[in-house]
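Residue-level listing of the chains:
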Amino acid sequence: MDTFYYLIQNTLPIAIPLLLVALGGMFSERSGVINIALEGIMLVGAFFGCLFVYFVQSTSLDAQGILLLGMLVAAGAGFLYSLLLSLAAVTMKADQTITGTALNMLIPAAILLFSKMFFNSDGITTSKNFYIKEVPFLSEVPILGKLFFQNTYITVYIGILLLVLSAIVFYKTKFGLRLRACGEHPHAADSVGINVYFMRYAGVSLSGILGGIGGFFYAVGVMNGNTNGHTGVAGFGFLALAVMIFGQWKPFKILLAALFFAFLRTVAYSIALIPFLDTLNINQTFYKMLPYIATMVVLAFTSKKSRAPKAEGIPYDKGLR
Amino acid sequence: MQDKTVSSSKAFDNLKKVGKSKGFSAFTAALLAILLGLIFGYLIMRIASPANSFLGFQMLLIGGFKRIGDVFYFATPILMTGLAVGFAFKMGLFNIGASGQYTMGMFFALYVGFMWKLPDSIHWIACILAGMVGGMLWGLIPGIFKAFLNVNEVITSIMFNYIGMYLVDMLIQGNAAMYISSKTRTAYLPASAQLPTLGIPHSSVNISIILSITLALILFIVLNKTTFGYELKATGFNKFASAYAGMNDKRNIILTMVIAGAMAGLGGAFAILAPSTIAGSSMTYEPVSVIAANGFNGIAVALLGNSNPIGIIFSAVFISHIQRGGTLASLYGYKPEIIDVVIAVIIYFSAFAMLMNSTVANLIKKRYSKKQSVKIPPADQKEGA
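Protein sequence lines correspond, in order, to chains A and B. Residue numbers are given in my numbering: position 271 of the first sequence equals residue 275, and the series is strictly consecutive. Residue numbers are given in my numbering: position 36 of the second sequence equals residue 44, and the series is strictly consecutive.
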């Protein structure tokens with residue numbers, strides 16, 4: 005049972021970045037813009053969040069307070085970086101995949117350049133500890149306390165909160181409805197007076213904010229508060245895209261997909277602790293491949309029915325009717 | 009007077025025709041993007057260390073000429089991955105999986121190089137072909153997923169980048185003949201498996217650059233002179249129309265991905281089979297669980313070359329050239345990563361350079377027509393009346 009608690013406790017901090025970034029991708033794609041730059045946006049968020057932590061870690065601020073402020077910095081950075089995508093993909097009507105790829109390529113190189121120039125290293129290393137041993141009172145609750153309120157990060161609760169907020173914005177507001185309309189049939193949306201360009205900017209910006217936060221949470225929850233230009237976010241931005249497709253562009257399905265993937269990854273990295281798998285004596289690397297193979301299998305079974313937003317990837321041109 | 013204007017406008021029309029042709033505007037767009045990227049790179053150098061910025065930038069631009077052999081040596085793999093990405097692009101497929109195909113190709117080539125005992129004269133050829141098969145396999149799977157299961161090829165190929173990377177690392181580390189665990193690298197390849205060198209001193213440039221350029225030319229012919237190439241481009245333009253016209257899109261998707269994979273696999277084989285400049289050694293591979301960068305550089309090469317095989321030859325050489333220049337710029341204290349930034353900026357601008365290009369062209373045209381109307385007012389008035 006302890007192994008199970010351990011796996012869940014470790015799954016959540018990994019699932020949250022995937023969840024947030026996939027939600028960001030959802031906002032962007034449902035507004036009609038393919039956001040392949042999520043990987044880069046995450047790295048921007050992780051980098052600036054960590055940079056902020058680096059500069060304030062010696063002050064007397066409380067660790068959780070620093071994390072919250074760092075989150076805001078990461079969100080802001082992600083937002084600004086995503087503007088580069090919307091500028092090219094919405095205003096300039098450029099190819100969205102190419103622009104996204106360029107943004108993905110730019111940021112690791114820029115981080116390496118910057119870190120080598122100013123820190124003489126490949127990234128930023130911080131020494132603040134954001135880990136929560138146990139949440140007062142709640143950790144005493146039987147089973148649930150052990151699952152969700154021990155050995156965790158505050159990022160888990162923020163992530164769930166952001167999921168609920170996103171779902172409300174997405175389904176229960178005028179804004180959400182209009183956003184979805186722009187991803188399905190932008191010309192119809194335009195004909196009833198919705199500013200398609202604005203809505204697409206909004207969709208991409210939301211993905212920038214969520215992607216930036218997700219990247220910072222990855223740095224906190226998976227990398228112990230460090231960022232590195234070489235490894236970046238280890239393909240989590242791309243995985244988030246797979247999670248989003250697997251989750252059928254819907255918030256709560258995305259949560260399930262993120263949990264599924266994060267659980268497999270946690271298992272892959274803690275084979276030695278699971279007696280049953282340890283005795284099988286299979287090469288560890290095989291387990292590292294497992295999340296990706298599982299994603300492929302799941303996509304193979306779900307994609308036949310999968311329905312991407314109809315207008316995604318097509319720059320909106322008022323003149324084409 | 010009237011005649012003169014007619015002839016001059018005819019010349020102008022001809023000029024406009026050249027200017028309007030797609031290839032030409034793609035070319036100028038690429039130049040514009042390169043220019044903007046280089047300006048951006050210069051600005052960064054200027055900020056980083058103003059004193060040396062001019063010398064450093066000069067080195068970045070012309071440094072490659074001092075290492076011409078290396079320029080072609082490093083251009084070979086990215087030329088091949090560039091072809092892998094560009095060829096799939098023509099069909100409207102985004103083959104981001106060139107890295108995985110490249111890694112698989114490299115592994116297959118290594119495997120045949122170490123494990124098969126063949127006569128010297130055909131050993132390296134067998135290695136190259138094995139690399140091609142490895143890449144094909146890793147292109148085939150995303151192709152099947154796309155054609156029959158409707159899974160987006162971007163996701164599949166990203167997943168297969170990771171699967172391929174882990175798989176290759178696992179297989180190499182588990183093979184005592186290939187892997188020297190104390191060095192955490194592969195052993196030196198037997199000389200018979202290495203590619204014939206071109207004999208340029210102090211560089212590893214070899215026959216593979218010639219093979220790569222030949223392959224690019226073949227792909228150019230396939231795209232422009234064969235039914236398959238025509239169908240492929242038609243599907244890229246409008247897949248519904250081409251399906252309606254009776255083209256077998258499923259077969260074409262798979263075939264395209266297999267060919268693209270073959271190109272990237274060959275790139276991997278060319279990179280690892282290259283002879284080393286130090287006698288008795290060879291290129292080695294270190295399994296460190298990092299996705300091959302040459303695959304992603306291939307995307308840059310393909311985009312800059314506008315997915316045209318001929319364009320890709322030039323863009324691969326160009327990117328390799330400034331990469332060498334960037335390495336040499338470190339003599340002046342600049343980090344070579346500056347080149348990666350410059351390349352990314354070039355790609356970013358090249359995404360909408362066509363649009364900027366036409367804006368600039370329109371501006372020039374407006375000025376030109378204004379000047380004309382000032383020069384010959386009577387003709388204009390007549391037309392107006």
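It is possible that part of the hints are untrue.
[Unchecked claim] Taking CB as the label site, the calculated pair distances span:
{"no.": "1", "chain 1": "B", "residue 1": "I318", "chain 2": "A", "residue 2": "L91", "range": "28 to 38 Å"}
{"no.": "2", "chain 1": "A", "residue 1": "T95", "chain 2": "B", "residue 2": "A253", "range": "34 to 44 Å"}
{"no.": "3", "chain 1": "B", "residue 1": "K191", "chain 2": "A", "residue 2": "L284", "range": "53 to 63 Å"}
{"no.": "4", "chain 1": "B", "residue 1": "S57", "chain 2": "A", "residue 2": "L260", "range": "26 to 36 Å"}
{"no.": "5", "chain 1": "A", "residue 1": "L324", "chain 2": "B", "residue 2": "I226", "range": "49 to 59 Å"}
{"no.": "6", "chain 1": "A", "residue 1": "D321", "chain 2": "B", "residue 2": "S289", "range": "51 to 61 Å"}
No lab work stands behind these hints: they were computed from the structure. Since the structure is predicted, the reported quantities are computational estimates derived from the model, not experimental observations. C-beta atoms are modelled at their ideal positions from N, C-alpha and C, and glycine is treated no differently.
Worksheet item: Looking at the structure, which of the earlier hints fail to hold?
Response: 3, 4, 5
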